[in-house]
Structure formats: C-alpha cells, structure tokens
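Enquirer: Letter by letter, the chains look like this.
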Amino acid sequence: MKAVIYGTALQWKLDLRSRALLITCYLVPLLFFALMGGIFTSVMPEMKETLIPSMTVMGVSMGAFIGMPTSLVEIYGSDIKKLYRAGGIPLGLSLFAILLSSFLHLMILSVILLVAAPVFFGASLPESLPLFFAALSIFTVVSLSLGAVLGLAARNQSRLTMVSQLFFLPSIMLSGIMFPQNLLPEPLILLGNLFPAAWGYRLMQGFGIRPLLGLGAILAIAVLACVLLWRRQAE
Amino acid sequence: MNNQTAIRISDLRKSYGNHAVLRGLDFSIEKGEIFALLGVNGAGKTTALECMEDLRRFDHGSIVINGRIGIQLQNSALPGHIMPMEVLKLSASCHKTSISPDLVDSLGIRAFEKTQYARLSTGQKRRLMLALALVHDPDILFLDEPTAGLDVEGRSLLHWQIRRLKSRGKTIILASHDMAEVEALCDRIAILHQGTIAFCGTPSALTEETGAQYAIRLTTKQGTIRHTTNNITDTLLALLTDFRKKNIPVLDIQVDRGTLEEHFLKFARRTEQ
Numbered sequence: 486m487k488a489v490i491y492g493t494a495l496q497w498k499l500d501l502r503s504r505a506l507l508i509t510c511y512l513v514p515l516l517f518f519a520l521m522g523g524i525f526t527s528v529m530p531e532m533k534e535t536l537i538p539s540m541t542v543m544g545v546s547m548g549a550f551i552g553m554p555t556s557l558v559e560i561y562g563s564d565i566k567k568l569y570r571a572g573g574i575p576l577g578l579s580l581f582a583i584l585l586s587s588f589l590h591l592m593i594l595s596v597i598l599l600v601a602a603p604v605f606f607g608a609s610l611p612e613s614l615p616l617f618f619a620a621l622s623i624f625t626v627v628s629l630s631l632g633a634v635l636g637l638a639a640r641n642q643s644r645l646t647m648v649s650q651l652f653f654l655p656s657i658m659l660s661g662i663m664f665p666q667n668l669l670p671e672p673l674i675l676l677g678n679l680f681p682a683a684w685g686y687r688l689m690q691g692f693g694i695r696p697l698l699g700l701g702a703i704l705a706i707a708v709l710a711c712v713l714l715w716r717r718q719a720e
Numbered sequence: 032m033n034n035q036t037a038i039r040i041s042d043l044r045k046s047y048g049n050h051a052v053l054r055g056l057d058f059s060i061e062k063g064e065i066f067a068l069l070g071v072n073g074a075g076k077t078t079a080l081e082c083m084e085d086l087r088r089f090d091h092g093s094i095v096i097n098g099r100i101g102i103q104l105q106n107s108a109l110p111g112h113i114m115p116m117e118v119l120k121l122s123a124s125c126h127k128t129s130i131s132p133d134l135v136d137s138l139g140i141r142a143f144e145k146t147q148y149a150r151l152s153t154g155q156k157r158r159l160m161l162a163l164a165l166v167h168d169p170d171i172l173f174l175d176e177p178t179a180g181l182d183v184e185g186r187s188l189l190h191w192q193i194r195r196l197k198s199r200g201k202t203i204i205l206a207s208h209d210m211a212e213v214e215a216l217c218d219r220i221a222i223l224h225q226g227t228i229a230f231c232g233t234p235s236a237l238t239e240e241t242g243a244q245y246a247i248r249l250t251t252k253q254g255t256i257r258h259t260t261n262n263i264t265d266t267l268l269a270l271l272t273d274f275r276k277k278n279i280p281v282l283d284i285q286v287d288r289g290t291l292e293e294h295f296l297k298f299a300r301r302t303e304q
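First to last, the protein sequences are chains R and U. All letters in the first sequence, in the order written, are residues 486 to 720 by the working numbering. All letters in the second sequence, in the order written, are residues 32 to 304 by the working numbering.
Since the hints were made in silico from the structure, they are not lab data. Do not rely on the hints blindly, as some may be mistaken.
For the chain R half of the interface with chain U, some residues (derived, Cβ under 7 Å), not all of them [to be verified]:
#, residue
1, LYS487
2, ALA488
3, TYR491
4, GLY492
5, LEU499
6, SER503
7, ARG504
8, GLU559
9, SER563
10, ASP564
11, ILE565
12, LEU568
13, ALA571
14, GLY572
15, GLY573
16, ILE574
Where a beta carbon is used, it is the ideal one built from N, C-alpha and C, also for glycine.
Pulled out of the complex, with its shape left as it was, chain R reads as follows (with noise of 0.2 Å):
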C-alpha cells in the first residue's frame, strides 16, 4: 500500500514536470476554450448551454488520448520497464499511478472549464452537478482506458503520435461538440460512436442509459484489449 501511495504521489510529481502533459492536459485545452469558446458563443448563442460540456469533452480526450498514452510509452516502450522490473518495481504500479494520476489532472482541468465558461462566456452551468461530476468521471475513465490501449499497444513515441491523432481527431469531429451530431450522415454518426467522446457528451447532458451502455461497451472492450496487450508486455 505505501509502495501505491508513493508511487502514484511520485507520478503526480513527475507529470508536473513533464512539459508534454502539462501541455496536453492543461495549455492546448484551455487555449482552445479561450479561442472556441468566445468564437462558438459569439456565433452562436445557443452554444453557451452546452459550452462546458462540449469543452470538457475535448480536453479530457486531448489528455486521454494524446497526453496520458506517451507517459505509459515512455515507459512500456523503452528499457524503464525492464529497469522497473529488475528493480522490484512492479510495472502495473506504474500503469496504476500513470491512469490515476491523469485522472486527477484531468478532473482539475474540467474544474477550471467549469468555473471560467460561466465567468468568460457567460455559460450555462449544468443543471446538477453531482450527476455532471458522476457523467464526467465515467466518461475519463473510459477515455483514458482507450488511452491505456494506445499507450500499451505503441512501440514508441513516433507510431503512438500518428495512432493517437487517428483517436483524437474523429472523436472530437464526430462527436457532436463542434456542431450537431445530427447533421452528420449515418455512417459518420456510427463512427462518432465508436469514441467515448458523442457518449460522454451526451452523458453529461443528461443522465441516460444510452450513453451509460455506449461507454460500458467501449470500457468493456477497452480493458479487454489492455488484458492482451499487458499479457504482451509481461512477457
């Protein structure tokens, strides 16, 4: 137990220090609110009920996808995990404080989307937020399982860039929060929901089992994927 409370604190540190995450999980997001967030509003007055969630579901995908996945590279990927071993360290201790700590990183960047939409662009608070709190935790766990996926499954930071962006990119087009998922013909609106991120939008709009089975079906294949690939990596 203290080995996990040491380990996941020391990860916590060290993605403080890590210039790519705090660029992933905090710049890129925010300066993409600060941007958006004025363009959408402006353009579209309607866009402030949906500003947050709309935001949060594409920094939270930014961190899961792009940010989170090099950490676990950098380690999976290289002689660390070899070193770790040798050393006692156990590598799903790493896996373990990697997820967690990108966790917290990411629930503190939607704390900070949640109070300045309102503040800058006068955005719509959800209408309860416990259950926006519940949708969100849901759906980044989710995100960064999907994460863990690309992270265990790259060999290096080069393949993970290009796979990544392959995640990223459709997930936040065909979502729905760049504009209505329903405008969209059929077949890009089933893609769309191959990625937590049309799920976690609508989850966090409103409670609904819908969105709850979409994401507990990607979760499901997610982990399954990260038993596989973990099966790999121990040998």
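Given chain R, work out where chain U should sit, using these hints.
Expert: Relative to the frame of chain R, chain U by itself:
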C-alpha cells in the same frame, strides 16, 4: 545444491524461433565469489543472465537461486524527470524496506540527489543503477557491463565498490567485455561459446588451458635477455645461478604469462576451429 552454492544452473536451454541461443548450460556459482560470464558477441551471455535474473523465460532446464538478487542492467533508462532519491525510495517501498544512508553515502548519490535523471552524467547514472540494485541488500548481485562508458576514476571507484561488496559476503555475477576488469576482480570465469559452457574455472586455469608459456625478462648492466619457458622454477633458477657464477648483478626480473584477454582470444579462436 549445498549451502555454499549461490546459483545452480542445470541443462538451461533457450531458443528464439529456430535459433538455439542456449544449448544446455550447466554450472554453479559459489557464495561470496565474483564470477564472470564471458563470450564473444552472440554467445548467449545476456540471454543466460536474463534467465538467471528472471527477466526472460527459458525453454528447458532449471535455475536454483539461493538468496535475494539485485540486478544492474547493461542498458538502463529511467523517466527523464525522476530524481535519484525518488526512484530509490520507490524501489525501497516496493521491497518493503528503507534506503540505507550508508548505501547512499558510499556511492556518492547525495552529490546529485536533486538532479533529474536526464541531466546525470554516465558515471552518476551507473552509480544510481548500482544503488538501485543494492537498495534491498541482496545476497547475489548481477552486474552487466558495470563500467561501460566510465572514465578511469569512475571505473576505479566502481571496482572499489565491487571489492567492498565481495568483502561483505555478496556473490557477484559479472558480464563484461573488459578483460582487464575481469582479471582484476573475478575469482572464476565461464566462457560461453555457441550457447554452451566452453570453459569454467579460475583465470589461471584458463592460462593453463591455453598452454601459455612464461616470458622472463632479466635486466643486467650488460642489457636485457628474454626467455620463454613452461617451467618457471627451473628456468629462473638456472638463469640466476649462471649470472651469479659470472658475477653479473641482476637489476630487474619480470615474469609475464600474458593477459586474460590474450588467453581468452586464444581460447576463443581455438574453440571456433
């Protein structure tokens, strides 16, 4: 396996696809000795070490280890932003122990404890890796190329550390390309050739095995004479008696039987043929 044996390896086999890397290794390492694993590139040293270190699965055979192990890997890396004391604390907490101040002081870790790993010099990284291997006070220590990339001072310091560990009863398994290092430190060596043990014994036994002759260099006021012989006692006695009879004072005597590197190369060439 008796109580004095630290590691016993029996019929160890390992293949990568159709390529057999280890073809039935059999040897044992005694407690408290420094044992070197030698061989040309591709002989199977790293695979054998990694099997012993439980970092690689093997196909057949057995490895019995009598004690806790510590491992210093050849190619080591850590997250660039981590600091030495942080990774030592992490390893110590995983081993349910605490960091010994003596360990930190003797390896000079304090001098760079607040420096991030990416900014450490090669020597500092090597010392940190050794500290990581020792943090849980293991009985058996694996050192893979411990002085690679170090300057003379760094090598000397690390050699002193290794001797200090031996004096404390640690068993040390060393893999090194530096024959001078092996000769200076090791009690016994094993030479791997194409996945089998071609030789296992003391460095002087290897010299005997290769049939190296003694080279005697004797200096007098009249000059230097050189002799090669298999019988050092008789030859030296005869030479000295002769000089005494002629009343020629001997100024210097040097006896050399070649370096471990020369014997290893000779042995490797012979085995290859």
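Enquirer: Now tell me if each hint is right for this structure.
Expert: So, going through the hints one by one against the coordinates:
A distance limit of 7 Å between C-beta atoms decides the matter here; for LYS487 (chain R) the minimum to chain U is near 5 Å, and the interface restraint holds. Taken as an interface hint, ALA488 (chain R) checks out: its beta carbon lies about 4 Å from the nearest beta carbon of chain U, inside 7 Å. Checking TYR491 (chain R) against chain U by beta carbon gives a least distance of about 5 Å; that is within 7 Å, so the hint holds. Below 7 Å, beta-carbon pairs count as interface contacts, and GLY492 (chain R) has one with chain U at about 6 Å; its hint therefore holds.
Checking LEU499 (chain R) against chain U by beta carbon gives a least distance of about 5 Å; that is within 7 Å, so the hint holds. For SER503 (chain R), the interface hint holds, since its Cβ comes within 7 Å of a Cβ in chain U; the closest pair sits about 6 Å apart. The restraint placing ARG504 (chain R) at the interface with chain U is violated, with a minimum CB-CB distance near 9 Å, outside the 7 Å limit. Below 7 Å, beta-carbon pairs count as interface contacts, and GLU559 (chain R) has one with chain U at about 6 Å; its hint therefore holds.
The interface hint given for SER563 (chain R) holds, since its Cβ lies 6 Å from the closest Cβ of chain U, which is under the 7 Å cut-off. Using the Cβ-Cβ criterion of 7 Å, the hint placing ASP564 (chain R) at the interface with chain U is satisfied: the shortest such distance is roughly 4 Å. Hint on ILE565 (chain R) holds. Least Cβ distance to chain U is approximately 5 Å, under the 7 Å limit. Residue-level restraint check for LEU568 (chain R) holds (minimum Cβ-Cβ distance to chain U is 5 Å; threshold 7 Å).
Taken as an interface hint, ALA571 (chain R) checks out: its beta carbon lies about 4 Å from the nearest beta carbon of chain U, inside 7 Å. At about 4 Å, the closest approach between the beta carbon of GLY572 (chain R) and any beta carbon in chain U falls short of 7 Å, and the interface hint on this residue holds. At a threshold of 7 Å, the smallest CB-CB gap from GLY573 (chain R) to chain U is about 5 Å, leaving the interface hint in force. With its C-beta approaching chain U no nearer than about 5 Å, ILE574 (chain R) sits inside the 7 Å limit, and its interface hint holds.
Of the numbered hints stated above, the single one contradicted by the structure is hint 7.
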